[in-house]
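Position chain B against the provided structure of chain A, taking the given hints into account.
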Amino acid sequence: MDYIGEFRLPGQLGQFFITLSLVASLVATFAYFKATRSSDQSQTGYWKKLARISFILESFSIIAIFSILFYIIQQHLFEYKYAWQHSSRTLELKYLLACFWEGQEGSFLLWSFWHCVLGLILIRTGRQWEAPVMTVISFAQFCLATMVAGLYIFERKLGSTPFILLRDSGVLDNAPALHVNFDVNQPLKRDYMLSIKDGNDLNPLLQNYWMVIHPPVLFLGFASTIVPFAFAIAGLWTKKFGEWVKPALPWALFATAALGIGIMMGAKWAYESLTFGGYWAWDPVENASLVPWLILIAGLHTLLIYKHTGHSLRATFLFFILSFSFILYSTFLTRSGVLGESSVHAFTDLGMNWQLMAFMFIFIAPALFFFFKRYKHIPSIKKEESTSSREFWMFIGSLVFFLSSMVIIFKTSLPVLNKLTTALYGIVPIDILKRQLAAPEDPEYAYNQIQVFVAVIIALLTAVSQYLKYKSTPSRFFWKKIAIPTLASIIIGTLIVVFGDINYDKEGVGFLGAIWLAVICSVYTIIANASYIWLGLKGNLKISGGSISHFGFGLVLLGILLSSAKKEILSHNIGGIPIDFGTESKEKTGENLTLVKGLPMKMGKFDVTYVRDSAHPKKQQWYFQIHFKSRTDNEEFTLWPNAFVNYKGNEGLMANPDSRHYLDHDVFTYISALPNPEKNKDTASFRDVPMKEGDSLFYSRGYVTLEKLVTRDNIPFEGFEPGDKATVATLKVHSFNKTTYTSEPLLIERKGNRFAQPDTIMSESIVLRVGDVVDGRANIGIKESNAVLEYVTLKAYKFPYINVLWWGIVITALGILMSMVRRIRLNLKDKD
Amino acid sequence: MKRIHIILLVFIAGAIAVLISFLQTTTTYDTVQTAMDKPGKFVHLMARWDKSQPMEYDALKDPNYLSFTAIDTLGKSVKVVYHSPKPENFELSERLVLKGKYNDGYFDCKSIQTKCPSKYKDDMKAAEKNVQATTLAEPANADNNK
Numbered sequence: 004m005d006y007i008g009e010f011r012l013p014g015q016l017g018q019f020f021i022t023l024s025l026v027a028s029l030v031a032t033f034a035y036f037k038a039t040r041s042s043d044q045s046q047t048g049y050w051k052k053l054a055r056i057s058f059i060l061e062s063f064s065i066i067a068i069f070s071i072l073f074y075i076i077q078q079h080l081f082e083y084k085y086a087w088q089h090s091s092r093t094l095e096l097k098y099l100l101a102c103f104w105e106g107q108e109g110s111f112l113l114w115s116f117w118h119c120v121l122g123l124i125l126i127r128t129g130r131q132w133e134a135p136v137m138t139v140i141s142f143a144q145f146c147l148a149t150m151v152a153g154l155y156i157f158e159r160k161l162g163s164t165p166f167i168l169l170r171d172s173g174v175l176d177n178a179p180a181l182h183v184n185f186d187v188n189q190p191l192k193r194d195y196m197l198s199i200k201d202g203n204d205l206n207p208l209l210q211n212y213w214m215v216i217h218p219p220v221l222f223l224g225f226a227s228t229i230v231p232f233a234f235a236i237a238g239l240w241t242k243k244f245g246e247w248v249k250p251a252l253p254w255a256l257f258a259t260a261a262l263g264i265g266i267m268m269g270a271k272w273a274y275e276s277l278t279f280g281g282y283w284a285w286d287p288v289e290n291a292s293l294v295p296w297l298i299l300i301a302g303l304h305t306l307l308i309y310k311h312t313g314h315s316l317r318a319t320f321l322f323f324i325l326s327f328s329f330i331l332y333s334t335f336l337t338r339s340g341v342l343g344e345s346s347v348h349a350f351t352d353l354g355m356n357w358q359l360m361a362f363m364f365i366f367i368a369p370a371l372f373f374f375f376k377r378y379k380h381i382p383s384i385k386k387e388e389s390t391s392s393r394e395f396w397m398f399i400g401s402l403v404f405f406l407s408s409m410v411i412i413f414k415t416s417l418p419v420l421n422k423l424t425t426a427l428y429g430i431v432p433i434d435i436l437k438r439q440l441a442a443p444e445d446p447e448y449a450y451n452q453i454q455v456f457v458a459v460i461i462a463l464l465t466a467v468s469q470y471l472k473y474k475s476t477p478s479r480f481f482w483k484k485i486a487i488p489t490l491a492s493i494i495i496g497t498l499i500v501v502f503g504d505i506n507y508d509k510e511g512v513g514f515l516g517a518i519w520l521a522v523i524c525s526v527y528t529i530i531a532n533a534s535y536i537w538l539g540l541k542g543n544l545k546i547s548g549g550s551i552s553h554f555g556f557g558l559v560l561l562g563i564l565l566s567s568a569k570k571e572i573l574s575h576n577i578g579g580i581p582i583d584f585g586t587e588s589k590e591k592t593g594e595n596l597t598l599v600k601g602l603p604m605k606m607g608k609f610d611v612t613y614v615r616d617s618a619h620p621k622k623q624q625w626y627f628q629i630h631f632k633s634r635t636d637n638e639e640f641t642l643w644p645n646a647f648v649n650y651k652g653n654e655g656l657m658a659n660p661d662s663r664h665y666l667d668h669d670v671f672t673y674i675s676a677l678p679n680p681e682k683n684k685d686t687a688s689f690r691d692v693p694m695k696e697g698d699s700l701f702y703s704r705g706y707v708t709l710e711k712l713v714t715r716d717n718i719p720f721e722g723f724e725p726g727d728k729a730t731v732a733t734l735k736v737h738s739f740n741k742t743t744y745t746s747e748p749l750l751i752e753r754k755g756n757r758f759a760q761p762d763t764i765m766s767e768s769i770v771l772r773v774g775d776v777v778d779g780r781a782n783i784g785i786k787e788s789n790a791v792l793e794y795v796t797l798k799a800y801k802f803p804y805i806n807v808l809w810w811g812i813v814i815t816a817l818g819i820l821m822s823m824v825r826r827i828r829l830n831l832k833d834k835d
Numbered sequence: 139m140k141r142i143h144i145i146l147l148v149f150i151a152g153a154i155a156v157l158i159s160f161l162q163t164t165t166t167y168d169t170v171q172t173a174m175d176k177p178g179k180f181v182h183l184m185a186r187w188d189k190s191q192p193m194e195y196d197a198l199k200d201p202n203y204l205s206f207t208a209i210d211t212l213g214k215s216v217k218v219v220y221h222s223p224k225p226e227n228f229e230l231s232e233r234l235v236l237k238g239k240y241n242d243g244y245f246d247c248k249s250i251q252t253k254c255p256s257k258y259k260d261d262m263k264a265a266e267k268n269v270q271a272t273t274l275a276e277p278a279n280a281d282n283n284k
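So the protein sequences, as listed, match chains A and B. Be aware that the first sequence starts at 4, since it is given in the numbering used here, and climbs by one per residue. Be aware that the second sequence starts at 139, since it is given in the numbering used here, and climbs by one per residue.
One chain only, chain A, in its complex shape (with noise of 0.2 Å):
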């Protein structure tokens, strides 16, 4: 049956290339496994040009997959299940793009079109390594395009595809009006797309520009880590043991950097547009990219000492091996639901776990099993590294990081844990296999109170090592070096613990003794780090890479510990808002505050006021305009928090914070509540009191007087007509704390009609009117109703410092970037 309206061309294309992909990428990997297992110089030739072609092939359906989906997103073809989900219509163009992985196919598409440019200059630079090390990049491919593939094997549904229409999606079949008949048992209408008027949207909390430029590129940091891996396993592979890290390393330190890069934009993203206040909430898909990023770290420093001084070749291997599979661990654990309750943010579940998991097991468990079949070929060196030496002080800091990292990823597992006890029970039941475990309490601090110690131990190591030299060092040089940075940053660092009145007591005078040696340490990596430039490398900044990325590193310590121990809570709720309810008050402070219309309210040194708000033209967004004012300074600015109010049958709220920048720290706030249309409904009614000039009334809190009674031909009201005429009240409203507003109601008089016109004093929450005159008597009527009132409920934190750890997340990725750089050029020299 042919339905109207739909274009069936882009999906058809699409699905085209998504096979022609499937199949190339499988021809490429096994023409470059051919390659390299042949002895004979044309027939390995011959799978090379094979190989290249497929990959090309792949690379180019990959591009087209990539710009027909994106042509769907972008002319709203919402009979594609994909642009109906993710898009509408009112959806600003640079949110297209963030649609496009918003989806769990756009994320694969994304992650496999940065496979496809990193192989691409690998087949250009690789080499002699080029065969092997994109056997296992194809190999990637694809799997990654099994992921897209949506097709049907032996009942099972192999991947999930972008180009599926709507129709077939089964989101329309409980759509009674979109049948025949009105009966869901009955096929679809023919004009059935004559309803899809509109897609679904965007997430509201990803409609942020961060969501543009993050996924890629932690997408690009996810795609690199598979290089270092490849090349360890083509190093295993064609037993050249130790030749692969030359190559390898540049590009370990452009993953590191861009996975870096990427897990910071997603930790900005949080900052800025998500409502849990920070940065950073250990939340196990933030954790699970940085794992992978802790252990590249680790095998980075490994690698570099291998390449000085030849020790730790095995821990080199098992490092980029263990980076990529955490990289596939944490797409498994992100996608495949099974973090269900523990995570606000992870994909919903496609119903691809097994191919998850297969896509996991199918690398790790070669890699592993290659690396330990291989182990005791691998050259190592039996004599001791002497503690005097760079390269035992570099070993210890990597196995900080990975032990950190197999601790954090231990806590992020529980929810995997209990599944795998649960299933264990049906095997054995013991009792204890059936106790499902939870987060602790305070499932933050249960990873804080280990990695501050990590930090510190880091800190110091980061600061020392670099004026150590290879092999051992004389104490009497070591020394000589490195007593001004490390006096000046005692002193530097005690300064700032005692005057930086850093005071985070709410975990006791343990974790905070912790803070203070942790800011002193990194203090101490920073000083360090910078004076080496000098006192080690000349001032040569070419060389210099590895001590700026240090520097940096120590600023994103520094601005980790800053920020976080000393965050603070301005909207702290003293007493409730000034006016007194008399009900049974829970005294208990809170961390929010109300704000009414126009009222101004104590928050911290400001005087905080929500003055007026204002509606997106397209959306069910609110801007809400709040002003501060500081009480002991001229500082004063205007903040525009917005939230989606019921959007797109999500009922409720979704709030996008706003913060001010300084130099030295950010005001930050969000919407929590706002007043519920649908439940405040004016119940209340008008009390009319006659009244005439000079006479009172009393409301519930205060009272009212007539001021004055006149009748006016001509008044300054939008509306008003000659011939009109109109009663004019003018009320004085004293408040019980002491404030007094004018009110003027106006009775307006046309053709023998009359209109009430009311006032409202918003901040009093009453209504006033005025009634017929009678002998100089006027009906004056009044209403007390909260539902007049207009307000938000807003949390509003202090972020101080913050800006240390952004500028050292930039710095630190432009030292990296200069190593990269420096370690290119002395591979091509190498070469030439």
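No lab work stands behind these hints: they were computed from the structure. Because the structure is a prediction, the values reported are computed rather than measured. Heads up, the beta-carbon is just placed ideally off N, CA and C, and yes, glycines get one too. Treat the hints with caution; some may be incorrect.
Listed below are the simulated EDC-like cross-link pairs for lysine to aspartate or glutamate, each with C-alpha atoms no more than 16 Å apart in a straight line [unchecked claim]:
(1) A/K695 with A/D775
(2) B/K237 with A/E444
(3) B/K248 with A/D445
Here are some of the chain B residues that sit facing chain A, going by a computed Cβ distance under 7 Å [what the hints assert, rightly or not]:
(4) L157
(5) T164
(6) T166
(7) Y167
(8) G178
(9) H182
(10) A197
(11) L198
(12) P201
(13) P223
(14) E226
Derived Cβ-Cβ restraints for the label pairs, each shown as a range [what the hints assert, rightly or not]:
(15) B/Q191 with A/K741: 37 to 45 Å
(16) A/L154 with B/T166: 52 to 60 Å
(17) B/K189 with A/R159: 51 to 59 Å
(18) A/R127 with B/I150: 37 to 45 Å
(19) B/I144 with A/F640: 30 to 38 Å
(20) A/E710 with B/K189: 25 to 33 Å
(21) B/S249 with A/L154: 50 to 58 Å
(22) B/G213 with A/V187: 28 to 36 Å
Showing chain B alone in chain A's frame:
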């Protein structure tokens, strides 16, 4: 044995100790009854909001006070007090994970996780509901076919 191996063992032992102590601090998922059985102990209570009972939240009165009744799958219910604003999507939630402890006749909740369509997730149920809502809003179509 090399020095580095000793350090390795010490570190690994340390990491294992950390993990074991972590397992000691983990809490449990509970029903209303089992949470009531251990007052003062921090638990994850799995329940849903009992819509037949009144919910109290007035941001004007106190934005940091929410109280409602939670009922679990076994049908047992408990009063919950939460000292923060009502979470987003509270009304929509199908299930709640309430973290807190039972004390003095009510469940003192530290944080609420709403298990409902889309905070960040795409949820097809919300989407389907949306389609139905938009299509049902077209009575003209409906009449033609009857």
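Open item on the list: A closest beta-carbon separation below 7 Å is what the hint needs, so does B/L198 meet it against chain A?
Closed with: 6 Å, holds
Open item on the list: Is 51 to 59 Å respected by the C-beta to C-beta distance linking B/K189 and A/R159?
Closed with: 40 Å, violated
- [ ] Let me know if the C-beta of B/L157 comes in closer than 7 Å to any C-beta of chain A, holds or violated.
- [x] 6 Å, holds
TODO: Would you check whether B/H182 satisfies its interface hint, that is, whether its CB is within less than 7 Å of any CB in chain A?
DONE: With a minimum Cβ separation of about 4 Å from chain A (threshold 7 Å), the hint on B/H182 holds.
Task: Hint consistency between A/K695 and A/D775 [alpha-carbon to alpha-carbon, up to 16 Å] - done: 12 Å, holds
Open item on the list: Against the range 25 to 33 Å, how does the distance between the Cβ atoms of A/E710 and B/K189 compare: consistent or not?
Closed with: 49 Å, violated
Task: Interface hint for B/P201, Cβ within 7 Å of any Cβ on chain A - done: Hint on B/P201: holds, closest Cβ of chain A at ~4 Å, below 7 Å.
Open item on the list: B/A197 was flagged as interface toward chain A. Is the shortest Cβ-Cβ separation under 7 Å?
Closed with: This hint holds: B/A197 lies near chain A, its Cβ roughly 4 Å from the closest one there, short of 7 Å.
- [ ] Just tell me: holds or violated, for the beta carbon distance of B/G213 and A/V187 against 28 to 36 Å?
- [x] 32 Å, holds
- [ ] Tell me if B/G178 is really an interface residue toward chain A, meaning its C-beta lies closer than 7 Å to one of theirs.
- [x] 12 Å, violated
Task: Hinted pair B/K248 and A/D445, Cα distance within 16 Å - done: 10 Å, holds
- [ ] Could you see if the CB distance from B/Q191 to A/K741 stays within 37 to 45 Å?
- [x] At 41 Å between Cβs, range holds.
Hints 8, 16, 17, 19, 20, 21 from the earlier list are contradicted by this structure; the remaining hints agree with it.
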